[in-house]
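J.: Protein sequences, first through last, are from chains Y and W.
Residue numbering for the first sequence follows my numbering, starting at 1 and increasing by one per position.
Residue numbering for the second sequence follows my numbering, starting at 1 and increasing by one per position.
Honestly, the hints are just simulated from the structure, not real lab data.
Please read all numbers here as calculations on a predicted model, not as lab measurements.
Worth double-checking, as some hints may not be accurate.
[Said to hold, decoys possible] Quick partial rundown of chain W residues pointing at chain Y, CB under 8 Å, derived from the structure: (1) G65; (2) L241; (3) F245; (4) R252; (5) T254; (6) M255; (7) Y258; (8) F319; (9) L321.
[Stated by the list, open to error] Here are the computed lysine-lysine pairs in the DSBU-like style, where the Cα-Cα straight-line distance is at most 35 Å: (10) K278/W with K67/Y; (11) K177/W with K144/Y; (12) K324/W with K45/Y; (13) K501/Y with K278/W; (14) K177/W with K155/Y; (15) K402/Y with K195/Y; (16) K324/W with K501/Y; (17) K324/W with K402/Y; (18) K417/Y with K182/W; (19) K155/Y with K82/W; (20) K417/Y with K396/Y.
Heads up, the beta-carbon is just placed ideally off N, CA and C, and yes, glycines get one too.
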Amino acid sequence: MPIVLISSSPHSVGQELAQQLERKTGWPLFSRKQLAEQAHDQGIKLSRLETSIVKSPVLPEKLAREKELYLAFVTAKLYENAVEGNLIYFGRSGHLLLPGVSHRLRVGLAAPRQIRVENVVRELNLSPEKAAEYIDRLDADIEKWIHYVHRQEAKDPGQYDIFFNLQNMSLANASMLLCETAALPDFRQTPLSTKRLEDLYLAARAKLRLAEDEHTRSLDLGVRAVGGVVTVTYMPRQEEAAQSISHVLQDLEGCRENLCTMAETTILWIQEAFDPKAESFKQIIQLAQRWGAAVELLRLMPYKSDAPESPTVSPEQHQSRSPKPTEHVYTGGVEDDESEAPVDDGGLARTQEELVAIGRSAGGFTVYGGTGEVVEAVRENSHYSLVILGDLFLDKGPETRKRQTREMGLTIRERLKASVITVAELESRFLFGKKQALKAVLYAAAVVCLYVLVFHFQEPILNFLGGEIHAKWKWLASITVTLLVPLVAYTYGTVAGLVLKLIDID
Amino acid sequence: MHEFLAHFIQIDVGIALQVILLGFIGGVLSGFIGSGGAFFMTPGMMNLGVEGVVAVASNIAHKFGKAMVGSRKHGEAGNVDKRLAVSVLLTAILGIQLAVWINSFLFKGGSGHGAAQGAGANLYISLVFVFILLAVALSMLRDVLRPSGEGEAGAGPSRKIADFLARLNLPPMIHFKVADTKVSVWILLPVGVATGYLAGTIGVGGFIGVPSMIYVFGVPTAVAAGTELYLAMFMGAYGALSYAFQGFVDIRLTMLMYLGSLLGIYLGVYGVKVVNEKYIRLTTSVIILLCVISRGIAIPMYLRQLGFISIDPDWDKYFNLTSKFFLFASGITGTLLILYQVIRAHRQRSGLHKTLRVVKQASYPA
Numbered sequence: 001m002p003i004v005l006i007s008s009s010p011h012s013v014g015q016e017l018a019q020q021l022e023r024k025t026g027w028p029l030f031s032r033k034q035l036a037e038q039a040h041d042q043g044i045k046l047s048r049l050e051t052s053i054v055k056s057p058v059l060p061e062k063l064a065r066e067k068e069l070y071l072a073f074v075t076a077k078l079y080e081n082a083v084e085g086n087l088i089y090f091g092r093s094g095h096l097l098l099p100g101v102s103h104r105l106r107v108g109l110a111a112p113r114q115i116r117v118e119n120v121v122r123e124l125n126l127s128p129e130k131a132a133e134y135i136d137r138l139d140a141d142i143e144k145w146i147h148y149v150h151r152q153e154a155k156d157p158g159q160y161d162i163f164f165n166l167q168n169m170s171l172a173n174a175s176m177l178l179c180e181t182a183a184l185p186d187f188r189q190t191p192l193s194t195k196r197l198e199d200l201y202l203a204a205r206a207k208l209r210l211a212e213d214e215h216t217r218s219l220d221l222g223v224r225a226v227g228g229v230v231t232v233t234y235m236p237r238q239e240e241a242a243q244s245i246s247h248v249l250q251d252l253e254g255c256r257e258n259l260c261t262m263a264e265t266t267i268l269w270i271q272e273a274f275d276p277k278a279e280s281f282k283q284i285i286q287l288a289q290r291w292g293a294a295v296e297l298l299r300l301m302p303y304k305s306d307a308p309e310s311p312t313v314s315p316e317q318h319q320s321r322s323p324k325p326t327e328h329v330y331t332g333g334v335e336d337d338e339s340e341a342p343v344d345d346g347g348l349a350r351t352q353e354e355l356v357a358i359g360r361s362a363g364g365f366t367v368y369g370g371t372g373e374v375v376e377a378v379r380e381n382s383h384y385s386l387v388i389l390g391d392l393f394l395d396k397g398p399e400t401r402k403r404q405t406r407e408m409g410l411t412i413r414e415r416l417k418a419s420v421i422t423v424a425e426l427e428s429r430f431l432f433g434k435k436q437a438l439k440a441v442l443y444a445a446a447v448v449c450l451y452v453l454v455f456h457f458q459e460p461i462l463n464f465l466g467g468e469i470h471a472k473w474k475w476l477a478s479i480t481v482t483l484l485v486p487l488v489a490y491t492y493g494t495v496a497g498l499v500l501k502l503i504d505i506d
Numbered sequence: 001m002h003e004f005l006a007h008f009i010q011i012d013v014g015i016a017l018q019v020i021l022l023g024f025i026g027g028v029l030s031g032f033i034g035s036g037g038a039f040f041m042t043p044g045m046m047n048l049g050v051e052g053v054v055a056v057a058s059n060i061a062h063k064f065g066k067a068m069v070g071s072r073k074h075g076e077a078g079n080v081d082k083r084l085a086v087s088v089l090l091t092a093i094l095g096i097q098l099a100v101w102i103n104s105f106l107f108k109g110g111s112g113h114g115a116a117q118g119a120g121a122n123l124y125i126s127l128v129f130v131f132i133l134l135a136v137a138l139s140m141l142r143d144v145l146r147p148s149g150e151g152e153a154g155a156g157p158s159r160k161i162a163d164f165l166a167r168l169n170l171p172p173m174i175h176f177k178v179a180d181t182k183v184s185v186w187i188l189l190p191v192g193v194a195t196g197y198l199a200g201t202i203g204v205g206g207f208i209g210v211p212s213m214i215y216v217f218g219v220p221t222a223v224a225a226g227t228e229l230y231l232a233m234f235m236g237a238y239g240a241l242s243y244a245f246q247g248f249v250d251i252r253l254t255m256l257m258y259l260g261s262l263l264g265i266y267l268g269v270y271g272v273k274v275v276n277e278k279y280i281r282l283t284t285s286v287i288i289l290l291c292v293i294s295r296g297i298a299i300p301m302y303l304r305q306l307g308f309i310s311i312d313p314d315w316d317k318y319f320n321l322t323s324k325f326f327l328f329a330s331g332i333t334g335t336l337l338i339l340y341q342v343i344r345a346h347r348q349r350s351g352l353h354k355t356l357r358v359v360k361q362a363s364y365p366a
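I would like the entire structure built from these sequences, with the hints used as guidance.
T.: Here it is in structure tokens:
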């Protein structure tokens with residue numbers, strides 16, 4: 001059964017819907033109000049975060065950390081409050097929580113404005129005009145919250161699995177419909193969704209613990225957990241403090257291995273199969289070393305009938321939430337934790353091993369599905385400076401593969417606000433190869449010609465720019481300057497950029 | 001020598017190398033600070049004997065090409081709000097036009113004191129330069145020296161002015177989607193004019209454009225920088241066109257500056273990635289302050305040339321020399337400090353490839 005995440009406009013009837021569902025299913029109900037109280041007890045300054053987000057579109061560094069902490073806290077609380085995997089959560093932007101968990105049911109609810117105004121008039125004792133104004137302001141604030149905390153647009157219908165409009169539907173019928181939807185096989189817990197939830201929970205606890213410790217609380221960290229392996233990336237300037245990371249995480253329940261990588265940024269590499277001996281791997285490593293970046297591997301597999309999400313998990317199987325590995329050999333953090341025969345992971349573990357060996361690993365994991373699933377999987381950790389799309393959609397023809405890769409790139413760029421390129425473009429955009437050498441030579445020759453021309457014919461040129469010729473041809477002189485200047489800047493700028501690229505400064 | 005060459009200097013190898021050096025230092029500072037290097041290059045060229053108006057004109061032409069290259073990169077990163085840029089640009093053109101008109105008027109002896117040609121414009125440019133950059137440097141220093149715990153919640157840019165203006169809600173309001181903010185046309189207008197005026201006067205429009213966008217309009221910092229660069233491209237083009245029409249652009253100076261600046265910019269931008277932010281702001285404010293002192297020292301010379309004060313003309317060379325010393329000392333010291341950090345960080349980068357792995361015995365609940 002699913003985790004039902006209900007999100008509705010303030011002062012509508014979202015809470016009533018959640019309570020009705022609770023009565024029908026017997027699943028525990030957890031609200032944002034309870035969450036806010038517990039967050040306050042934990043020392044998370046939620047009200048300050050809310051006020052700041054409403055006031056400023058730019059999150060200061062400390063508040064950005066507070067935001068991460070709050071999201072980690074919410075994730076942990078949702079997991080802990082779920083009984084046998086079931087939970088009803090009601091609260092603002094609830095539908096955006098637990099990204100990538102397929103057994104969550106994201107519910108949206110819209111109530112007629114008149115009902116909301118009446119509710120505010122009754123609850124807050126305001127005049128109808130003031131109540132309407134109050135609702136508008138509140139809606140705008142929530143839009144900002146969604147925008148800055150979840151980096152999503154509030155009105156995107158694709159965020160919901162089901163949306164109720166109570167204009168012509170009673171609450172009782174909506175609740176009945178929701179109950180039936182929740183029972184659909186599409187929202188049942190699967191081994192994969194359970195694993196994803198456990199990974200999120202482990203990462204959330206790791207973040208909370210790192211935020212509690214005085215040695216690590218001020219660090220800018222990237223934290224991800226996959227199959228009991230917690231990968232933390234930290235900035236080089238925080239090297240001294242970062243030595244405490246492993247110490248802080250050493251007795252974290254469920255964490256069987258901890259990888260700490262020093263990196264200024266993270267490159268996400270998406271591909272169906274990885275090979276540490278491939279040319280693309282060498283190129284990406286070259287770029288990562290130049291940028292001081294860690295590389296995160298995402299193995300994207302298409303949906304298949306035998307994909308691991310198909311079998312559902314029975315309650316008995318799911319009683320223990322923490323993974324219990326029976327062996328402690330490093331596996332790349334991608335396989336099931338049960339002792340099993342080796343599975344084909346498309347070279348993910350081997351490639352990650354190689355990244356660990358050269359000190360560039362930011363973790364790796366497998367995602368089944370398409371672009372939507374990729375975005376969901378990386379959304380909570382999406383501060384990537386570059387996303388590289390490798391060989392994808394291998395079961396399709398070359399043209400389809402090319403088109404789908406391009407479409408995926410556009411979507412990822414839009415949703416994650418990161419630069420996206422394909423492996424094929426890597427060399428021309430960021431590395432220095434033969435083509436770049438040739439380009440540098442040609443542009444350098446053009447630069448030399450331009451400079452020789454100008455400095456050899458200084459007198460006539462100055463006459464044209466400010467002398468007697470200029471007096472006759474003022475417009476021509478102006479247009480010539482306006483065209484020549486960017487030409488020089490572009491050609492010489494290209495040469496300078498390529499030369500610095502050659503010596504690994506870019 | 002032809003008469004038209006009077007306001008263009010003779011460029012020998014020594015001068016050329018100094019202009020390239022100016023460009024390089026300006027480029028490093030520009031890439032590092034992210035707000036143009038004209039505050040260094042303009043007075044630097046004036047110290048080499050270039051007329052103020054020619055220095056400004058050549059610099060604005062230089063800025064045009066540089067911004068064109070830079071804004072393309074920002075555009076790829078999604079940091080450019082074109083609508084905001086076009087809106088500011090339309091108003092900034094008024095400011096640029098005003099600046100070009102004042103500079104040309106003063107250069108042609110409009111000050112009415114029968115002084116040497118250019119002294120009025122030089123004094124005017126120097127005064128604007130000193131007042132504006134002194135304010136920028138001092139506010140930056142105040143930020144750096146503020147105790148770290150102070151204003152914890154407001155560690156980012158203050159929203160006081162933007163919030164106040166938003167509450168006024170003066171129609172018509174324009175919504176800027178990329179910057180995610182709404183701004184009244186009545187607020188946009190003076191900010192645009194001021195940005196254009198400063199860009200046209202001392203070639204440092206970014207010093208008012210970027211803070212205005214952040215503090216007055218409430219635009220995120222990265223978008224403000226990207227939009228300013230996009231805007232600078234058009235303002236630079238318009239400024240270059242206007243000054244070239246007046247016959248003040250020395251293309252040789254512009255091209256020599258590029259030789260140093262485009263290389264310097266790459267290094268400066270690289271420095272921002274690898275150097276601590278507090279260090280960046282401290283270095284920047286100290287460099288700007290020294291530039292202000294340098295320009296301030298030259299002011300008595302222009303006052304004398306205009307007949308406002310009486311000093312022995314022989315002292316001009318001392319004023320010029322001291323001014324030049326301060327300028328180059330600040331630029332070279334600042335650049336060396338930045339380059340030192342860049343090289344150190346670069347070497348560290350190639351040396352530091354660390355992944356610490358800790359495999360544990362299970363600590364799972366029974």
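J.: Are the hints correct? Go through all of them and say.
T.: Structure-based check of each hint:
no.	hint	in the structure
1	G65	holds (3 Å)
2	L241	holds (5 Å)
3	F245	holds (4 Å)
4	R252	holds (6 Å)
5	T254	holds (6 Å)
6	M255	holds (6 Å)
7	Y258	holds (5 Å)
8	F319	violated (27 Å)
9	L321	violated (28 Å)
10	K278/W with K67/Y	holds (23 Å)
11	K177/W with K144/Y	holds (13 Å)
12	K324/W with K45/Y	violated (52 Å)
13	K501/Y with K278/W	holds (27 Å)
14	K177/W with K155/Y	holds (15 Å)
15	K402/Y with K195/Y	holds (32 Å)
16	K324/W with K501/Y	holds (34 Å)
17	K324/W with K402/Y	violated (58 Å)
18	K417/Y with K182/W	holds (22 Å)
19	K155/Y with K82/W	holds (24 Å)
20	K417/Y with K396/Y	holds (28 Å)
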